[in-house]
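Working from the sequences, and respecting the hints, build out all of it.
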Amino acid sequence: MGHAQHNTDTLPPNPEKATLEGRNKFLAFWFFLGGETVLFASLFGTYLGLRNGTAGGPTAAEIFDLFLVFIMTTILLTSSLTSVFAMLAMKKGNFKQMLVWMWVTVGLGVAFLGLEIYEFYVYVGYGLTFTTSAFGSAFYTLVGFHGAHVAFGIGWIVTLLIRYRKSGLTLTNAPKFYLASLYWHFIDVVWVFIFTVVYLMGIGG
Amino acid sequence: MEPKLNTNQPQVNLSKKEKIKLEREMRHQIITFVVMIFFTALAFMSVASDLIPASFAVPFILILAVIQVILQLYYFMHLKDKDHEWPNAFMLSGIVIIIPMVAALMLLLGVVKY
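If you're matching them up, the sequences are chains H and Y in order.
Here UniProt numbering is used: the first residue of the first sequence is 1, the next is one more, and so on.
Here UniProt numbering is used: the first residue of the second sequence is 1, the next is one more, and so on.
Read the hints as simulated data drawn from the structure, not as lab findings.
These numbers were taken from a predicted model, which means no experiment stands behind them.
Among the clues, some could well be false.
Derived DSSO-like pairs: lysine-lysine, alpha-carbon spacing no greater than 27 Å straight-line [claimed, not checked]:
| hint | chain 1 | residue 1 | chain 2 | residue 2 |
| --- | --- | --- | --- | --- |
| 1 | H | 92 | Y | 82 |
| 2 | Y | 16 | H | 92 |
| 3 | H | 92 | H | 25 |
| 4 | H | 17 | H | 96 |
| 5 | H | 92 | H | 176 |
| 6 | Y | 80 | Y | 19 |
| 7 | H | 17 | Y | 16 |
| 8 | Y | 19 | H | 92 |
| 9 | Y | 21 | Y | 80 |
| 10 | Y | 16 | Y | 80 |
| 11 | Y | 82 | H | 166 |
| 12 | Y | 19 | H | 25 |
| 13 | Y | 17 | H | 92 |
| 14 | Y | 17 | H | 166 |
| 15 | H | 92 | Y | 21 |
| 16 | H | 166 | Y | 80 |
| 17 | H | 25 | H | 166 |
Here chain Y is said to cover these stretches of chain H; the calculated rule only asks that three of the stretch's residues, wherever they fall, bring their Cβ under 8 Å from a Cβ of chain Y [said to hold, decoys possible]:
| hint | stretch |
| --- | --- |
| 18 | 26-36 |
| 19 | 66-76 |
| 20 | 89-98 |
| 21 | 112-122 |
| 22 | 131-137 |
| 23 | 146-160 |
Which chain Y residues stay away from chain H? Per the calculated CB distances, all over 12 Å, these [to be verified]:
| hint | residue |
| --- | --- |
| 24 | 96 |
| 25 | 100 |
| 26 | 107 |
Every residue, glycine too, gets a C-beta built ideally from N, C-alpha and C.
Pasting the structure below:
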């Protein structure tokens with residue numbers, strides 16, 4: 001044993017993939033993201049099929065506020081970048097810097113979620129509720145599912161941050177933070193399509 | 001109120017080569033971010049302006065979205081790095097199956113608008 005790891009105070013490069021457990025988690029997480037892709041693909045398909053069924057209620061072009069959605073997109077993209085910075089800090093072994101970038105990511109996620117709730121509140125004020133029309137149901141299901149994923153991601157990362165606030169970087173927690181960051185990027189991937197297919201095509205298509 | 005971190009906190013052993021690699025990775029990721037913001041703004045403007053007809057804008061913004069997702073997957077989610085052969089293999093085989101499926105469904109359902 002001793003010849004392999006003569007210095008217990010150092011971690012190998014890429015600590016998130018240094019153990020078999022870390023590598024297994026990594027592969028399994030990509031499988032999970034594949035399943036999530038199928039889930040969102042179904043919701044997108046449903047939305048595209050039903051988006052013209054407004055049943056006399058408000059239409060997409062009437063209510064969508066493109067500017068607000070553009071701000072939300074920018075916030076989520078930036079939070080994706082900050083979680084990338086967190087992973088770079090982790091690879092450099094700078095645990096404190098990683099925690100800071102992760103907290104910034106969480107903060108941006110909360111801002112995004114707040115704007116999304118405000119957006120739904122405004123749309124309900126315009127008379128578009130879940131039961132108004134097929135368009136309303138499909139819209140709130142698709143975008144709401146994404147919002148639920150953001151909320152879950154915030155809860156996940158905050159739990160990790162609180163649990164490991166004093167532990168320093170270990171071979172156990174490095175894969176956990178890495179997967180949380182992958183999940184956060186996936187949320188951003190889905191939002192890129194929501195921005196394009198729901199909002200931009202709702203206004204311009 | 002300094003949070004009490006382990007004083008002998010484990011450090012990651014990085015060679016000079018690996019440090020340079022990380023620096024380069026960071027530069028690439030910032031460029032990726034700038035490109036993604038630029039594409040988002042471009043898509044936003046092509047829809048917001050009245051000059052561009054929807055028949056051009058819709059395929060255009062869909063292509064921009066696909067490029068953004070590829071950037072996100074390969075740079076932000078590290079798919080371009082080594083040790084990512086399996087995720088890449090599964091994703092590509094998924095895409096190979098999906099393309100004829102979506103094309104067939106679009107033709108069957110008559111959604112040939114786009």
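Index of numbered hints that the structure contradicts, given in increasing order
11, 14, 16, 21, 22 and 23
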